[in-house]
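K.L.:
Here the structure of chain A is known, so what remains is to put chain C in place on it, guided by the hints.
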Amino acid sequence: MPTEILMPALSPTMEEGTLSKWLVKEGDTVASGDILAEIETDKATMEFEAVDEGTIGKILIEAGTEGVKVNTAIAVLLEEGESADDISSTPKQDAKTESKSSETSEPKSDSPKAVPAQAAAPKPDRSPDWPEGTETKKQTMREALNEAMAEEMRRDGDVFIMGEEVAEYQGAYKITQNLLQEFGDKRVIDTPITEHGFAGIGVGAAFGGLRPIVEFMTWNFAMQAIDQILNSAAKTLYMSGGQMGCPIVFRGPNGAAARVGAQHSQDYAAWYAHIPGLKVVQPYSASDAKGLLKTAIRDPNPVVFLENEMLYGKAFDVPVMDDYTVPFGKARIWREGDDVTIVSFGIGMTYAMEAAEKLAEDGISADVIDLRTLRPIDYDTVIASVMKTNRCVTVEEGWPVASIGNHLSAVIMERAFDYLDAPVINCLGKDVPMPYAANLERLALTSTKEVLDAVHKVTYR
Amino acid sequence: MAAQKKASKSNASADELKAYYHDMLLIRRFEEKAGQLYGMGLIGGFCHLYIGQEAVVVGLEATAEEGDKRITTYRDHGHMLACGMDPNGVMAELTGRRDGYSRGKGGSMHMFSKEKHFYGGHGIVGANVPLGAGLAFSDKYRGNDRVTFTYFGDGAANQGQVYETFNMAKLWDLPVIFVIENNQYAMGTAQKRSTSSPELYKRGEAFGIPGEAVDGMDVLAVKEAGEKAVAHCRSGKGPYILEIKTYRYRGHSMSDPAKYRTRDEVQKMRDEKDCIEHVRDLLLTGKHATEDDLKAVDKEIKKIVNASAEFAKDSPEPDPAELWTDVYAETAPQNA
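Quick mapping for you: the protein sequence lines, in order, are chains A and C.
Going by the working numbering, 310 is the number at position 310 of the first sequence; the sequence numbering is gapless.
Going by the working numbering, 282 is the number at position 282 of the second sequence; the sequence numbering is gapless.
Worth flagging that the hints you see were computed from the coordinates, not collected in a lab.
Some hints here could point you the wrong way.
Stretches of chain A that chain C covers, calculated by requiring three or more beta carbons in the stretch to come under 8 Å of a beta carbon on chain C [to be verified]:
no.	segment
1	28-35
2	206-220
3	224-231
If you're wondering where the values come from, they're calculated on a predicted model, not measured in any experiment.
Idealized CB from N, CA, C, for every residue including glycine.
For reference, chain A alone in the conformation it holds in the complex (with noise of 0.2 Å):
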C-alpha cells in the first residue's frame, strides 16, 4: 500500500508551517535520510528527510503553500511494485494522532490544596512525644545531632557520611565529633571543597542504595548543590515511575549566625519547602533534632535538614530511650493559650516563646506552635489552633517574598477565613542582604519586640 508522508511536526510547538520547497520530484526514489523538502516552522527553516524508501508516487502540496497543518499527507511514497495508479484518488483524512485519552476528570489529592472554608475543625494527633514518665536528660542540640547519627550509623552499615571536615577536623561545628574514630575513614569521609560534585556523588550512591547523609559545612555552599538537590534528589522517584528512590540527607547549618555578613546569613526554609519530592526539617529543641535526625536518616526520600549554628549550644532535656523518633509532619505545641496563635519553625521558636513569656505576664496567652517540618506540614495543628484563638501570627527569620509565614496565612484564609478576627501578621526577616554592622544586622533579623507588637495588633490589646 502507498505510504503517505505527513507534515512533520519539527518543533515542540509547531502546528502548522510553510512547504517552502520540493527538494524531490514525482518518480524520484529516495533512502532513509535523503531530503525530500524545505519546511518553514514558526522557528526557523528545516530539513525534511524521508523516513522509508521508496518512489515519490505524488506530491499533493504544491513548494509555497503556507499554513499546512501537521500530520496533512503532502506527498504519496511508493514502496518497490506499487505503481502510481495505486494511489487512491479519495485523499485519506488528516491522520490524528489518536491519543487514547483517559477521562479528565480531576484526580483526587491528599495535597495541601484549597479546601473550602467550612470544612470540619481538624483533629490533629496531639500525643505526646515520648511517653509520660521517661527519664530526660540535658542535652544541647550538637550532642543530640551527634548521637542520632552515631546510633543510625550502628544501626545500619549503609548509612555513612561526607562532607568538608567532617572526619580528621572532627566536623566544622564538631557536629560528627568522634565519628570518624567511631565509624572509620570508610563511613566518614573528608571531601575536598566541591558542594556540586559531592553532592552528585551523594545522589547517585543514594540511587546505588547507600543511606548518605551529605553534610554541608552551611547550606548557603549548598547554592553551589542545588541543582543536584532539585533536579537529581528530589525528581528522579517521579520521573522514573518509582523505580528509583533516593534516600539521603542533606544537612547543615542554616539561617544568620553572627556576624558573617550577606554571603553567609540565609535561611532556605522556604526556598527547600517549595520542592515536591523533598522533605525538609527545621528543628528548635535538642529532642527534635534528634528524634528529627533520626527519622531523616531512614526516610526513603531525599530530606534537606535545616540546622542553625545559634542552636547548636543550646540545651533541652532529651529523653533517654533506645531509639528515640520524632515523625515528620506532626508540629509541637510548647505552651497552650486561649488569646493568640504564634507558628514558627527553628530560631524563629526562640523569639516566640520570650514573647509568649512575656505576653503572659500581660494576660495574654498564647498557644505556641513549632512547625519541626516544612514538608510536610502540620497544618491541622495549625487550623485547629486558629479555630480557637481566632488571631495568628508567623515567625521566621527568612525573607518576605514567598515565606513560610506567606504560605500559612493563605491556608489559614482559605481553610479558618470565618475564624479570623485580625488579619494574619507574619513577623519576617528584614528585605535586604544581610549587613555586617552589629546594629544593622540585630534590625535585619525578626526580634521577640516584633513579635510582641504583632501579637498585640492582633489582639487589639
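P.N.:
Here is chain C on its own, set in the frame of chain A:
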C-alpha cells in the same frame, strides 16, 4: 561503500559481528521510527536521536557484565536498547503512555530501569557525571568489582562538576569509566568554538586519570578500548576516560535547523564512516553472511520497531491519578 582503511583487523567472530550489526541497526531503525512519530505529533517535547553514534554504546555494552551500571544524558534511547531494555517500553515512554518505562512521567530524557542497571536518562548537561561516580562509589563501598559506565558529551565535558568529579573519582579510586561521546557539536556549537584544548581524553591528566581517544565509528575499536578500561576499573585502579569520537547525523534535537554545519559534512560521514555499513562490509567480505542473511536481519528489526510503534500508540495515557503517585516513596528502595 568502500571498506574502511583503518578498520580494525577483524578477529571478531561471525556471531559477534552479527550481534553488533543487529544491535546497531535496531538503534538506528528505532530512532528513525521515533523521528517519524515525533513528526506525527505522537512524541512531544524534546527528542534527541542517537543516529550515527550507535557503535559507541554497542561496542561498550559488549564489555559489560551483569551488575555493571550505566548512566547517561538525554540522548539516551540507544543506551537503553543496547543494555537490553524493551523497545516497546522505551517507545511507549516516548509517546507518554502508561506502559512506558516511567509510566509516561519521564519522557525521552528521563527513563530508567532498575532491572537493567540503567540509571537514566538525565536532562541537565553534566549532572549525570557525579551521579555516575556516586553509583561507582556504592559498588566500591560494598566491596564488589562492578563498574559504572558514565556517558556524557563533548558539551558536558566543559561543565565544572565534571572536574570536581574527576578529582574525587581518582582521589577515592572509584570504578567509573567516563565515556565522552564526542560528536563534535555541543548542540550547535562546534567543538573548536567552545573548547580551548580539543583533546578531551587528556582532561583527566591533571588528576592522574588515564585516557585514550577512540574511533567511535568502528565498533571493534570501541570494544577493544572498552575492554582495557573495564579491566583497569575492575582491578581497583580507579577511573578511566574514553574519548570516543563519533558523529550524529541528525540535529541536536528534532527542532534543530542544522545551520551550523554543511549537508556535505554530514553526507561525507555517512558515506565514508558509517558504523553499520562498516560491520556490514566486514560480514560480507569476510563471508560471514550473505546479502540475504542481512536482509533477514533488517526485516526482523523492522518488525520489532514497527511493533514497538504500534505498542506505543495503543498503550493508553496514564491514569489521571498517576499525577499524584511517586512524589514520595513509602518504603526504602531495594538495593540495586
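K.L.:
Hint by hint, say whether it matches the structure.
P.N.:
Against the structure, the hints come out as follows:
no., hint, verdict
1, 28-35, "holds (count 3)"
2, 206-220, "holds (count 5)"
3, 224-231, "holds (count 3)"
The structure is consistent with each of the numbered hints, conforming to all of them.
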